[in-house]
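Student: Residue strings, one per chain:
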Amino acid sequence: MTRMLSLALGLILFAPVTLASDDEWGEEWGDDPWAEQVSSPWQPVSGYLELGYGTRLQSDATGLDGPTLSQALGRLETGYRSDRLQGSLRLDLGYDEAVEQWIVDVRELALGTDIGADAHLKAGRQVLTWGTGDYLFLNDLFPKDWQAFFSGQDDEYLKAPVNSIKGSWYGQSLNLDLVYMPRFEADNYLTGERFSYFDPISGQKVAPDKRADEPSDDAASARLYWTRQGAEYALYGYWGYTGQPLGADAQGSPQHARLNAYGASVRLPALGGLLNAEAAYHLSPDADNADLSAPKDKVLALLGYETELVTNLTGSVQYYLEHIRDYQDYLAPLPNPEYAADQNRQLLTLRLTYRAMQEKLTLSLFSFYSPTDRDYYLKPQVSYRPNDQWLLSGGLNLMNGQDQHTFFGQLDDNSNAWFRLRYHY
Amino acid sequence: MRTLFTLIATSLFNLQAMAITADEVVERANLASFYAGDDGRSQARMIIVDAQGRKQTRQFSLLRRTLEKGGDQQMLVFFSRPSDVRGTVFRVDKKVDRDDDRWLYLPGLDLLKRISAGDKRTSFVGSHFFYEDVSGRNLKEDSFTLIEESDRHYLIEAKPKAPDAVEFSSYKVWVDKDNWLPAKVEYHDKQGALYRRVETVKTDTIGGYPTVLRSKISDLASGGYTLMEFRGVQYDLGLPESIFSERSMRQPPAKYLR
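Read top to bottom, the protein sequences are chains A and B. With the working numbering as the guide, the letters of the first sequence map in order to residues 4 to 428. With the working numbering as the guide, the letters of the second sequence map in order to residues 217 to 474.
Calculated directly from the structure, the hints in this document are not laboratory data. All values reported here derive from a predicted model rather than from experimental measurement. It is possible that part of the hints are untrue.
Claimed, not checked - Listed next, the in silico DSS-like pairs over lysine-lysine satisfying Cα-Cα at most 27 Å (straight line): (1) A:K363 to B:K329; (2) B:K406 to B:K356; (3) A:K363 to B:K356; (4) B:K329 to A:K382; (5) B:K271 to A:K382.
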């Protein structure tokens, strides 16, 4: 911690001092960088250096006492963009003190090319996102990084990259995306490495720091989408595994169960804002497998609305429902049915975002509240960007609930405060 | 005889000149400002300066296509600087009869986010320009009066039809008679005080179209201002309608951005 702080101070001292220029239209508007940038297919090298630190606000029942976030990170980005070929690189290098490991994270290394006039192919390591939910994913079953999310890293890190080939076809009125992942990649879920969770078998909080084996199998995803009179429609499909190890083998060790998902969404301007609705059917092909305990089929539904409440203050609300099918069959084999998930887990979210000072200051609050689980997750955040180089942000991750076995209730010992200092180059 | 003829001709001409209505001036100014060419591209840079003299910059390429003169338009904005917004793409389908459709693409998340139409009089990417200053305020929102005509300008006063929907009580536009571009716009707040000024600093004629190359917007209440400069302006490139789509946000059309 002391080391991180002195490094942070060092960075602050080196902050460039911006002086007001008398000749406002002068030097800075010189032709060179501009001309250079547009003529070469090579994109400039850019990125940032970041220090982040986060700590628990209470002690942890399992004895986890390290920082929830403690890392120094360097981001390097560049790319190549010509008519025929587009390459992109986004690389993170650094050291994570919380788990005492070096970070080498290729967030993007991909090549893209047009195939004819109406199709595009992009292959390599890439982050993939679709769907209409805000922090809620019904049809976007690409890998997530929940550790990053709960430790206060930038939103970008919630989405984990995946090795994949994405083919896109753009038609007159219909567009199609097909994604093939040669090997399924799981979420970076909570393992007990940094955050404890509730174990329904033993009935207490645990922090085993173990990951389930990932099935060496491929996965695929598809999206068919179109726009009609300002409304955006999409149909989705996914054939793979659950991102988290929700199943268990005969010995009780966690397994990624197979998951096929089918869904649809619509997003349109309405009632002075934006309205979105999304639904998905999560089909669990292993549900009746005798050798594996797997989740039952689920129906997921989401309704959202976003609007600008007053100038510079945006608000959005979402209602989310997760319905377990064959609920009696789900309950029957459970050793402790009192820890079972609700048949109809409901969730309400509220996001408030306020921007001020030429967007130099952003205040935001994201909150999850479940009336059925009676638990919550509050995520307030402040970021201050004094100039084009520096970004200072801080926030809280507050999780709690009436019971210790519910989705957010089990995470109460992980509530944390964090700050990050970033220098963009 | 000759003098008399000139006199008559001049007064006839004057009558004709005076006969132009406020709405006609505003319509021509709107076409000159936002509808030059069937389509166009440019690079733009903004220097955003706050009251303390602290600076931010934004640099972006802009593609625009007009579906109907004075009517609907399509726009794509590709940010290249500063580095934290590089790769971010903003897309607008400007609609005259209803709210614009707006989208934002964030490359780090591969997230294509639709933005609620909401208030068009909020900052465009942190600058002192509003979204509406960049894409053009709908002419149906205000009523116009021609209050003065000089050798160089038509001076138009505009009052909002729905005063509660905006932060100003009125604004004045000095429309340049030579090129129909607004030379200056001044906004008055609800108390009648001048608090916001947009000035055209430099213009040029490109491809036959008078074009603003430099403009300055000042927030007179706070002392902050933004300088905007356009370069590499080209018109009538034959931009296909299909590039104004999700595809271009995810894969910027290199061909049209050089």
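Student: Now, for every hint given, state plainly whether the structure supports it.
Tutor: Now the hints, each set against the structure:
1. A:K363 to B:K329: holds (21 Å)
2. B:K406 to B:K356: holds (20 Å)
3. A:K363 to B:K356: Violated, because 33 Å separates the two Cα atoms, which is more than 27 Å.
4. B:K329 to A:K382: Judged against 27 Å, a Cα distance of about 20 Å means the pair holds.
5. B:K271 to A:K382: Not OK: B:K271 and A:K382 at ~30 Å, beyond 27 Å, violated.
Violated hints for the displayed structure, listed by number in ascending order: 3 and 5.
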